[in-house]
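**Q** Residue numbers (the working numbering), protein chains in the order written: chain A, 452 to 520; chain B, 6 to 347; chain C, 93 to 371; chain D, 224 to 546; chain E, 5 to 69.
No lab work stands behind these hints: they were computed from the structure. Hints are not guaranteed to be accurate.
Straight-line distance between alpha carbons at most 27 Å, and here's what the computed BS3-like set of lysine-lysine pairs gives [what the hints assert, rightly or not]:
1) B:Lys206 to D:Lys365
2) B:Lys94 to D:Lys434
3) B:Lys206 to D:Lys350
4) B:Lys13 to D:Lys546
5) D:Lys376 to D:Lys513
6) B:Lys38 to D:Lys376
7) A:Lys503 to E:Lys53
8) D:Lys537 to A:Lys503
9) D:Lys537 to B:Lys38
10) B:Lys298 to C:Lys200
11) B:Lys134 to E:Lys67
12) D:Lys546 to A:Lys503
13) B:Lys48 to D:Lys350
14) A:Lys503 to E:Lys59
15) B:Lys315 to B:Lys297
16) C:Lys200 to C:Lys263
17) D:Lys537 to E:Lys40
18) B:Lys24 to B:Lys183
19) D:Lys434 to B:Lys38
20) C:Lys366 to B:Lys315
The following label-pair restraints were derived from C-beta to C-beta distances [as the list claims (entries may be wrong)]:
21) D:Glu354 to E:Ala54: 29 to 39 Å
22) D:Glu236 to C:Lys319: 58 to 68 Å
23) C:Asp237 to B:His287: 34 to 44 Å
24) D:Leu367 to B:Gly267: 18 to 28 Å
25) E:Ala54 to B:Val265: 22 to 32 Å
26) A:Glu457 to D:Phe347: 56 to 66 Å
27) B:Asp220 to D:Ile322: 39 to 49 Å
28) D:Asn320 to B:Val265: 45 to 55 Å
29) B:Gly267 to D:Leu518: 37 to 47 Å
30) E:Glu43 to D:Leu420: 30 to 40 Å
31) D:Asn320 to C:Asn180: 35 to 45 Å
32) D:Glu418 to B:Ala96: 40 to 50 Å
Glycine residues also receive a C-beta, built at the ideal position from the N, C-alpha and C atoms.
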Amino acid sequence: MSEKAEFQPRIAAFLCNWCSYGAADLAGVSRLQYPPNIHVIRIPCTGRMSPKFILQAFRQGIDGVWVSG
Amino acid sequence: MADKILAKDKLGEFLGQLKKDRQVFGPQAVEGKAQWAPLQAEKDLLWEFSNTHLSPKDFFFPQTECMMRFVNQASDEQGMIMQAEPELKQARALVNIRPCDAKAMQVLDLIFVQDQMTDDFYWRDKRDKTLLVGLACNDPCPTCFCTSMNCGPHSSTGLDALLVDLGDKLLLRTLTDKAQALAEGLPEAAKADLAQAAGLKKAAEESITSRVGMDQVNAREVMDLYEAGLWDRVQESCLNCGTCTYCCPTCHCFDIQDEVQGTIGRRVRNWDNCMSWLFTVHGTGHNPRGTKKDRVRQRFMHKFKYIPMKRGGEIGCVGCGRCVQLCPVNIDVRRVVNDMNA
Amino acid sequence: MRNTYIPYPVRIKKAELATEDKQLKTFLLEFLNPEDAQAFDYMPGQFAELSVSGYGEIPIGIASSPTEGDDLLFTVNKVGHVSTRMHNMREGDVMGVRGPLGNSYPLKAMEGKNIVIVAGGFAVTTLRSTMVWLLHPDHRDKYGDITFVYGARTPGLLLYGDEWRQWQQRKDVNCAITIDRAVEGWDGMVGFVPAVCEQLAPKPDNAVALICGPPVMIRFTQPVFDKLGWQPEQIIMSLENRMKCGIGICGRCNVGPEYVCKDGPVFTKAQLDKLPKEY
Amino acid sequence: MSTTQEIAAQIREAAKRLLSEGKVDCVIGFAQGTVPMREYPYFAYTPEEAENLTWSRFCCNNLSNFLVRRPKGQADKVAIVAQGCVSRNIVGLIKENQITREQVYILGVASPGMVDRNKVQALFPLKTITEVTEDGDELIVKGLGFEERVPTKKVLRQNCYTCVMRNPVIKDEMIGEESAPTHGGNIDKVAAPWEKLAPEERWAAFQETFKDCIRCYACRDACPLCYCHVCFVDEARPQWCGKTQDEADVATFHILRAFHCAGRCTDCGACESACPVGIKMRKLTSMIEKDIRELYGYTPGMDLESQPPLSVYKPNDPQEFIK
Amino acid sequence: MFARRRFAVLKDLLEYVGIEPGRLHFSWISSAEAAKFQETVLAVTEAVKALGPAKHMIKDIRKVA
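In isolation and in its complexed conformation, chain A is listed as follows:
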């Protein structure tokens, strides 16, 4: 591995079960390629999203947070 391996961020993706999670599913079925940096957390609704979740992700060393409804 080279010394300057490209930085691969870790991103927490909070996806609404009914919207973006479905889109992610469809993207998979459609064989659309996307980078593997995102860690998907399915939430029942964007309304369930809490600022605690975002801070918790940062506390655990995640580089970015993406919330999608």
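Starting from the structure of chain A, add chains B, C, D and E where the hints point.
**A** Using the frame of chain A, we list chains B, C, D and E on its own:
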């Protein structure tokens, strides 16, 4: 053990000697308040201050203290076995600690180190490696009530050495073997110096007008005090915050938790306080001290009844007055104890 | 100087569900280092802090008796973070034990006396330890009559069946095992513990009672013993409170001036009568 | 304009009247503290106890806090001394269904602006102050070896300079006369001080402000908004916020606490007044309130009718930040 | 829609204390918009990559304390 005179222009040498094999801390003016900090230069050390804003118990019992660590890897079961944090590497000295705070550390010794079982490794390690050089109080402040709490402005309990500011010079009274070396080569105190120190002591003691009585507290039964009516009023304005316990030099309750980050983990202890409802709640949800009244009462009963009962009359309070100054709703410990004593 | 906060490493030798509701699991723990087993010198009534790295510690009464060898027996109720984790651990896993902690039942002082043991639910753990200790050939002769009353809601919630079935066979133990309500397949006693005590009517003469159970059982058992003429000094109970350090420092388990972890968990009723009800 | 001493006398009179007529079971006000510049919350149950009530520029607690933190059943109907910010918090508590309007009898007072004891102490670094008294627009500060006069205007709490409502917004009775509603300062000019900083400097400023935090939670417990039975910092499974003094734990606590006040904070300053180490947490909360004003045009606690901003929405709410 | 208001305030707050704007992203994507999902993942990843590793708010227990 010996009374010597330390000229103020010799202070640099004195501190230099302390610094030779120790890290030295002293009260310094930080943001307008007297606070404990590593002593860089002699001029930073405060001589005229009532007391440090927060107590120095943090040196021996840090607010957050890692006790042990482990490695959590499926392949390595040995990693799950807790390893203690290393001992303190360098000895330390606290210079110009007030007698009340030193007394508090001595009270805490009785709690952290009781017998073979109750022998707090972390506390004892730091205590053993720290030299306490006290500064007698010549100008106690109005919230001080140390003279009512087995202590006093010139008390030497818990100290290795005591300094008394005689104006142009200091009286150095060494009290333990640890501090003997500090006095070497210094001139003996003259009779006049001793008389001056005694005069300052008397004046300081007399200037403390806050008095708190303990005779009835000692005489009354636990349940008698526990069920007394005063607690209904004392607790009313209490916010159940932890200010009084965190600024107190003798409060010593703590919580132990495990923290994990990936494959590494640690067991850490943090100051905790009996004012928090969470403090005593059982796994079942039952809480033996479920009301604010229970918790407020616990703090005062612990300090003024339980500790004296269990520790041969020592009181869990040294009268430093910090909680009186810092309580957001002015619950004045002097008033509470006097009510308990009524 | 030993750092008393460091748990002894142990391995889970056996872990099995103990009750039908799957709330209780019994663990047999084996010391990794024989010298630790030597150092862990305990008596019935004492407890230990069970430590799971990354989760924390919980105080649990020791259910085994020192007469049974070096392994330690604990029955753990699944209520919190640590106990839930323990229920998910497997045989062979490594964890920690810190102790022994607290005082024990005053077995020495109880010599020559008749003994009544009353247990309810899973509070039976340290009383199992006591029974095993008392019935050991080295000790049995030193005590008078032994009465063991143990009740649970249903037969499936009774712990340590292997042991009490043996005790029922013995002539030198009066063993009454009861369940709250009659169910099919149970031919033993039926009724609440206080009612059974009333029936048995243990005599207070030269006797000591060890009572341990849920608050509601204690509340109704108390008057039964009072009526039979038992004095507060003869009744011994074991308390539990939230704990952290386990060695009398951290300040949360105290009942008045007494720390449950260090001065207890075993107290006589006479002692408790003079203390606040902070448990 | 009445002096605070005159107001105090009128508060005592009103309290005695209400208690002796049986209109209320308890009057929550302030009594004189045992240390300089700190009056304390006092509960008067009898006309005799009402004699202990006082009023001054040292009444820094938000009394509405005690409307939700009282043991149930201790007193059914209470009277409470409330200046602008406190009355706005009472409005908030009514809106959030914590209390009913009928439960409280509001003794309204125009706020004179409260003194920041830390500011006074800072004028006399390391000195011991033994007594502070009000004399018109000045404070007489006495200490060991000194006595000085300080213009009150110089040492008010920061939030009192930019107060938007000094008079109670709801009341059952007014004590003294109403004053000019605002203090004249413009909160939007001083709120959110770190906005001026470059983005990369902000974290350092944030850390510097909160570095002394000892996690005593006095700010939370002094706040009438923080009445949750289980605060997020006390939640254990999962644990959102560690108990340590680690900067991440301290930051988590203060960010979330501030966030929970969004659209509710009346800028009463009780948090800063309670802090034993003098942290200026308004640097955080003032930003959120400014944000709420700018985004949704809302000022908390001004009336009983309007909807709290975070519990409603409009189709055209700003959403440029959402892709 | 309620969430939108909360996100707006939270995002502003985190930027205010010094968390880089590019670390926190919000989007609306319907379950039919697979292409938008892909685009957004790419955009978010690029934005975070450009910022480098996160420096703030991380709880690091390795530190001696």
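**Q** Each of the hints needs a verdict: does it hold here or not?
**A** Status of the hints after comparison with the structure:
Restraint check: the Cα-Cα separation between Lys206 (chain B) and Lys365 (chain D) comes to about 24 Å, which is no more than 27 Å; the hinted pair holds. Taking the CA atoms of Lys94 (chain B) and Lys434 (chain D), the gap is about 26 Å. The hint holds against a cut of 27 Å. The suggested pairing of Lys206 (chain B) with Lys350 (chain D) holds, with an alpha-carbon distance near 20 Å, which does not exceed 27 Å. Simply put, Lys13 (chain B) and Lys546 (chain D) have alpha-carbon atoms about 69 Å apart, too far for the 27 Å limit, and the pair is violated.
Note on Lys376 (chain D) and Lys513 (chain D): the hinted pairing holds, with a Cα-Cα distance of about 24 Å set against a maximum of 27 Å. Distance restraint check for Lys38 (chain B) and Lys376 (chain D): the Cα-Cα separation of roughly 23 Å lies within the 27 Å cut-off, and the hinted pair is therefore satisfied. Of the pairs offered as hints, the one joining Lys503 (chain A) and Lys53 (chain E) holds, with about 24 Å between alpha carbons and a cut-off of 27 Å not exceeded. Our distance criterion of 27 Å between C-alpha atoms is met by Lys537 (chain D) and Lys503 (chain A), whose separation comes to about 25 Å.
A hinted pair counts as satisfied when its Cα atoms are at most 27 Å apart, and Lys537 (chain D) with Lys38 (chain B) does not qualify at roughly 49 Å. Proximity of Lys298 (chain B) to Lys200 (chain C) is assessed by CA-CA distance (about 40 Å); at most 27 Å being required, the pair is judged violated. Only pairs whose Cα atoms come within 27 Å are accepted, and Lys134 (chain B) paired with Lys67 (chain E) is accepted, the gap being roughly 22 Å. Taking the CA atoms of Lys546 (chain D) and Lys503 (chain A), the gap is about 22 Å. The hint holds against a cut of 27 Å.
Our distance criterion of 27 Å between C-alpha atoms is met by Lys48 (chain B) and Lys350 (chain D), whose separation comes to about 18 Å. Between Lys503 (chain A) and Lys59 (chain E) the CA atoms are separated by roughly 18 Å; this keeps the pair inside 27 Å, and the hint holds. The hinted pair formed by Lys315 (chain B) and Lys297 (chain B) meets the criterion: a straight-line CA distance of about 25 Å does not exceed 27 Å. Under the criterion of a C-alpha separation no larger than 27 Å, the hint pairing Lys200 (chain C) with Lys263 (chain C) is consistent with the structure, at around 23 Å.
A threshold of 27 Å between alpha carbons decides the hint, and for Lys537 (chain D) with Lys40 (chain E) the separation of about 25 Å falls inside it, so the pair holds. Of the supplied pair hints, the one linking Lys24 (chain B) and Lys183 (chain B) holds, its CA atoms being roughly 14 Å apart against a limit of 27 Å. Simply put, Lys434 (chain D) and Lys38 (chain B) have alpha-carbon atoms about 15 Å apart, close enough for the 27 Å limit, and the pair holds. With a C-alpha separation of about 15 Å, the suggested pair Lys366 (chain C) and Lys315 (chain B) falls inside the 27 Å cut-off, and the hint holds.
Take Glu354 (chain D) and Ala54 (chain E): their Cβ atoms lie about 60 Å apart, and the range 29 to 39 Å is violated. In this structure the hint that Glu236 (chain D) and Lys319 (chain C) lie 58 to 68 Å apart at CB holds, the actual value being about 60 Å. For Asp237 (chain C) and His287 (chain B), the hinted distance range of 34 to 44 Å is satisfied, since their beta carbons lie about 35 Å from each other. Our hint of 18 to 28 Å for Leu367 (chain D) and Gly267 (chain B) is violated, since their Cβ atoms are close to 55 Å apart.
As the Cβ distance of Ala54 (chain E) to Val265 (chain B) is approximately 31 Å, the hint placing it in 22 to 32 Å holds. Separation of Glu457 (chain A) from Phe347 (chain D) is about 58 Å and conforms to the stated range, judged on CB atoms against 56 to 66 Å. One distance hint, 39 to 49 Å for the beta-carbon pair Asp220 (chain B) and Ile322 (chain D), holds here, with the actual separation near 44 Å. Asn320 (chain D) and Val265 (chain B) have their C-beta atoms about 39 Å apart, which leaves the hinted 45 to 55 Å range violated.
At about 38 Å, the beta-carbon gap between Gly267 (chain B) and Leu518 (chain D) stays in the expected band of 37 to 47 Å. With their beta carbons about 33 Å apart, Glu43 (chain E) and Leu420 (chain D) fall inside the hinted range of 30 to 40 Å. Between Asn320 (chain D) and Asn180 (chain C) the beta carbons are some 41 Å apart, a value that agrees with the proposed interval 35 to 45 Å. In this structure the hint that Glu418 (chain D) and Ala96 (chain B) lie 40 to 50 Å apart at CB holds, the actual value being about 47 Å.
Going through the hint list in order, the structure does not satisfy hints 4, 9, 10, 21, 24 and 28.
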